[in-house]
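Q: In order, the protein sequence lines correspond to chains V and Z. Here the first sequence stands for residues 1 to 305, numbered as in our numbering. Here the second sequence stands for residues 1 to 305, numbered as in our numbering.
Because the hints were derived from the structure by calculation, they are not lab data. Backbone N, C-alpha and C fix where the C-beta goes; we use that ideal spot for every residue, glycine too. Heads up, some of the hints might be wrong.
[To be verified] Cut-off 20 Å, straight-line C-alpha distance, at most; resulting in silico cross-link-like pairs (DMTMM-like, lysine to aspartate or glutamate):
1. Z:K26 to Z:D90
2. V:K203 to Z:D165
3. Z:K114 to Z:E80
4. V:K26 to V:E3
5. V:K261 to Z:D200
6. Z:K102 to Z:D200
7. Z:K203 to V:E154
8. Z:K110 to Z:E144
9. V:K228 to V:E206
10. V:K203 to Z:D147
11. V:K102 to Z:D200
12. V:K203 to Z:E144
13. Z:K102 to V:D200
14. Z:K202 to V:E206
15. Z:K150 to Z:D165
16. Z:K292 to V:E258
17. Z:K202 to Z:E229
18. Z:K102 to Z:E229
19. Z:K261 to V:D300
20. Z:K26 to Z:E36
21. Z:K203 to V:D147
22. Z:K150 to V:E206
23. Z:K203 to V:E144
24. V:K292 to Z:E258
[Unchecked claim] From the derived model, a few chain Z residues whose C-beta atoms are all more than 12 Å from chain V:
25. C29
26. R42
27. S51
28. N54
29. S57
30. K75
31. K89
32. I185
33. G244
34. D305
[What the hints assert, rightly or not] With the C-beta cut set under 7 Å, the calculated list includes, among others, these residues of chain Z facing chain V:
35. A24
36. I160
37. F161
38. A163
39. C168
40. K203
Protein chains: 2
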Amino acid sequence: MSEIVAFIGVGNMGSPMAENLIKAGKKVCVFDVSKEMLDKARERKFDIADSFENLLSRSPNIVITMLPAGKNSKKVYLGENGIINKVSKDCLLIDCSTIDIKTSVELGTKAKEKGIKMIDAPVSGGVMGAKNASLTFLVGGSREAFDSAKPILEIMGKNIFHAGDTGCGNGAKICNNMALGISMIGASEALMLAKRLNIDIKKVHEIMKNASGNSWPISVYPPLPGLKEGVPSNNKYRPGFSAGMMSKDLKLAIECAEEVKANTPLGSTANTIYDEFCKEGNSNKDFSAISKVVGGNAWDYEIDD
Amino acid sequence: MSEIVAFIGVGNMGSPMAENLIKAGKKVCVFDVSKEMLDKARERKFDIADSFENLLSRSPNIVITMLPAGKNSKKVYLGENGIINKVSKDCLLIDCSTIDIKTSVELGTKAKEKGIKMIDAPVSGGVMGAKNASLTFLVGGSREAFDSAKPILEIMGKNIFHAGDTGCGNGAKICNNMALGISMIGASEALMLAKRLNIDIKKVHEIMKNASGNSWPISVYPPLPGLKEGVPSNNKYRPGFSAGMMSKDLKLAIECAEEVKANTPLGSTANTIYDEFCKEGNSNKDFSAISKVVGGNAWDYEIDD
Chain V
1 MSEIVAFIGV
11 GNMGSPMAEN
21 LIKAGKKVCV
31 FDVSKEMLDK
41 ARERKFDIAD
51 SFENLLSRSP
61 NIVITMLPAG
71 KNSKKVYLGE
81 NGIINKVSKD
91 CLLIDCSTID
101 IKTSVELGTK
111 AKEKGIKMID
121 APVSGGVMGA
131 KNASLTFLVG
141 GSREAFDSAK
151 PILEIMGKNI
161 FHAGDTGCGN
171 GAKICNNMAL
181 GISMIGASEA
191 LMLAKRLNID
201 IKKVHEIMKN
211 ASGNSWPISV
221 YPPLPGLKEG
231 VPSNNKYRPG
241 FSAGMMSKDL
251 KLAIECAEEV
261 KANTPLGSTA
271 NTIYDEFCKE
281 GNSNKDFSAI
291 SKVVGGNAWD
301 YEIDD
Chain Z
1 MSEIVAFIGV
11 GNMGSPMAEN
21 LIKAGKKVCV
31 FDVSKEMLDK
41 ARERKFDIAD
51 SFENLLSRSP
61 NIVITMLPAG
71 KNSKKVYLGE
81 NGIINKVSKD
91 CLLIDCSTID
101 IKTSVELGTK
111 AKEKGIKMID
121 APVSGGVMGA
131 KNASLTFLVG
141 GSREAFDSAK
151 PILEIMGKNI
161 FHAGDTGCGN
171 GAKICNNMAL
181 GISMIGASEA
191 LMLAKRLNID
201 IKKVHEIMKN
211 ASGNSWPISV
221 YPPLPGLKEG
231 VPSNNKYRPG
241 FSAGMMSKDL
251 KLAIECAEEV
261 KANTPLGSTA
271 NTIYDEFCKE
281 GNSNKDFSAI
291 SKVVGGNAWD
301 YEIDD
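Please take these sequences and the hints and turn them into a complete structure.
A: Here it is as structure tokens:
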């Protein structure tokens with residue numbers, strides 16, 4: 001008999017992820033607290049539970065959650081009516097939300113106390129990755145839980161990494177994205193300095209791509225138009241991966257850096273820069289639009305308002 | 001008849017570069033103001049000029065300079081007895097020094113006024129690149145001068161880029177190395193945060209290498225030991241590319257950013273961090289040892305004192 005997958009949170013990321021599971025033949029039942037998201041899921045002909053209780057009453061073999069923040073994960077997993085208390089012991093729990101490590105560890109520990117396998121499995125790759133099933137999953141949890149989850153994660157993603165024990169998935173994601181936030185601003189500073197110096201940015205970009213100035217933002221996701229096809233900077237900075245999401249991840253990074261007394265001078269500066277950019281109303285722009293901030297009046301590109 | 005190459009500045013970089021020219025059959029005559037460097041060149045059986053005047057009296061077809069700073073380049077190129085005034089009009093001038101753009105433009109312009117072809121051609125790749133003839137040359141100057149210089153640069157390097165007109169070689173180098181200084185600190189912050197969070201840094205490194213946190217320092221030159229063979233972090237942070245050189249390049253970047261009113265928040269912070277690190281006596285450590293600064297008491301690796 002086919003496994004029953006309960007999928008909670010069918011927003012921009014969760015919806016295409018659930019769709020890939022359905023395409024692969026999984027029996028997927030979805031739920032979302034947002035009526036708008038549920039209506040969209042209905043249009044896509046997803047099997048919908050009309051309540052959270054109804055979803056869990058279907059005896060799922062796997063529960064996948066894709067939620068905005070730690071407090072949302074807490075709400076669905078903990079408490080008398082939460083997932084951990086309601087599902088059977090052989091149900092596998094997969095939280096794909098990017099959340100703070102503390103909450104992640106708390107949930108994993110509570111599940112373990114009940115004898116339930118749970119992993120934190122935040123993703124990298126954005127909406128495009130979710131649609132193309134090319135996501136990267138960064139998994140925290142026991143080796144056993146990782147091995148159990150791998151086949152279903154492989155339906156939704158391409159690279160599945162076991163980062164360590166519970167919480168390490170979110171830990172690895174936070175470290176990766178802090179480095180990304182820094183290198184995106186660094187790439188923008190370098191290209192905009194070249195522009196101010198009247199050096200052809202196409203030439204500088206080509207040089208950096210082939211030299212020690214290379215980084216993911218330079219080679220894969222350049223922050224200025226005209227350097228690579230198909231990236232948000234060529235599409236009026238429509239996301240992609242939004243500045244709001246980057247700001248959220250940088251906040252998580254700086255919060256946990258403070259807790260463990262890690263020194264993150266550039267991460268902290270990047271956090272402030274993205275925070276201010278979002279407060280100026282740019283949360284929904286692609287995160288590469290941060291080049292506008294460092295570009296000042298030399299930045300003269302199209303951006304969607 | 002074989003071309004005569006005058007090579008000025010046979011230090012750690014210039015010496016192996018000159019040697020590669022000799023191996024390729026060029027008639028190379030060298031000079032250095034440092035007696036120590038000249039003695040070393042003598043041991044290597046280089047043809048040595050006993051004075052700057054003597055060097056220029058040999059009617060070189062090409063002059064190559066590899067000097068520490070703009071003031072040194074000015075000294076040898078300008079003035080009544082300088083290179084530009086002394087060589088014949090068909091001599092090709094190649095300044096491989098990494099210097100400020102203003103000086104670079106001044107020299108190129110003076111040469112042009114005399115009808116002499118000159119390029120700025122700073123390199124990337126360090127001492128290893130110089131020895132292996134795998135340097136990257138970033139060239140500023142006319143297309144004609146670039147084309148004339150290309151064959152001899154190809155003897156000493158692998159990638160020869162024409163970045164634009166006079167000064168653009170140094171401009172591109174400065175932009176590239178500013179991005180590098182930033183991403184080296186960013187990579188260090190991310191890996192050291194992972195370490196503080198008790199996540200296996202080998203796993204985080206593997207993840208970042210394959211995800212959006214990737215950068216040249218992550219994939220080619222990791223700042224912590226045990227992540228990649230043959231890099232300075234595995235050799236007690238012996239350079240490689242020294243912190244002092246990175247600090248010099250960041251200073252050049254911030255100086256010219258101020259002149260053209262470019263906004264470089266992370267570049268400026270990186271400049272301060274490297275400057276302080278050097279002032280604490282670490283100029284001769286590899287620049288990846290900056291991981292020690294962001295690592296605090298969690299950084300417990302071997303460093304050569």
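Q: State for each hint whether it applies.
A: Status of each hint after checking the structure:
| no. | hint | result |
| --- | --- | --- |
| 1 | Z:K26 to Z:D90 | holds (18 Å) |
| 2 | V:K203 to Z:D165 | holds (12 Å) |
| 3 | Z:K114 to Z:E80 | holds (13 Å) |
| 4 | V:K26 to V:E3 | holds (7 Å) |
| 5 | V:K261 to Z:D200 | holds (18 Å) |
| 6 | Z:K102 to Z:D200 | violated (47 Å) |
| 7 | Z:K203 to V:E154 | holds (19 Å) |
| 8 | Z:K110 to Z:E144 | holds (17 Å) |
| 9 | V:K228 to V:E206 | holds (10 Å) |
| 10 | V:K203 to Z:D147 | holds (17 Å) |
| 11 | V:K102 to Z:D200 | holds (18 Å) |
| 12 | V:K203 to Z:E144 | holds (18 Å) |
| 13 | Z:K102 to V:D200 | holds (18 Å) |
| 14 | Z:K202 to V:E206 | violated (30 Å) |
| 15 | Z:K150 to Z:D165 | holds (15 Å) |
| 16 | Z:K292 to V:E258 | holds (18 Å) |
| 17 | Z:K202 to Z:E229 | holds (13 Å) |
| 18 | Z:K102 to Z:E229 | violated (39 Å) |
| 19 | Z:K261 to V:D300 | holds (16 Å) |
| 20 | Z:K26 to Z:E36 | violated (24 Å) |
| 21 | Z:K203 to V:D147 | holds (17 Å) |
| 22 | Z:K150 to V:E206 | holds (18 Å) |
| 23 | Z:K203 to V:E144 | holds (18 Å) |
| 24 | V:K292 to Z:E258 | holds (18 Å) |
| 25 | C29 | holds (31 Å) |
| 26 | R42 | holds (33 Å) |
| 27 | S51 | holds (37 Å) |
| 28 | N54 | holds (37 Å) |
| 29 | S57 | holds (37 Å) |
| 30 | K75 | holds (25 Å) |
| 31 | K89 | holds (28 Å) |
| 32 | I185 | violated (5 Å) |
| 33 | G244 | holds (16 Å) |
| 34 | D305 | holds (22 Å) |
| 35 | A24 | violated (23 Å) |
| 36 | I160 | violated (11 Å) |
| 37 | F161 | holds (5 Å) |
| 38 | A163 | holds (5 Å) |
| 39 | C168 | holds (5 Å) |
| 40 | K203 | holds (5 Å) |
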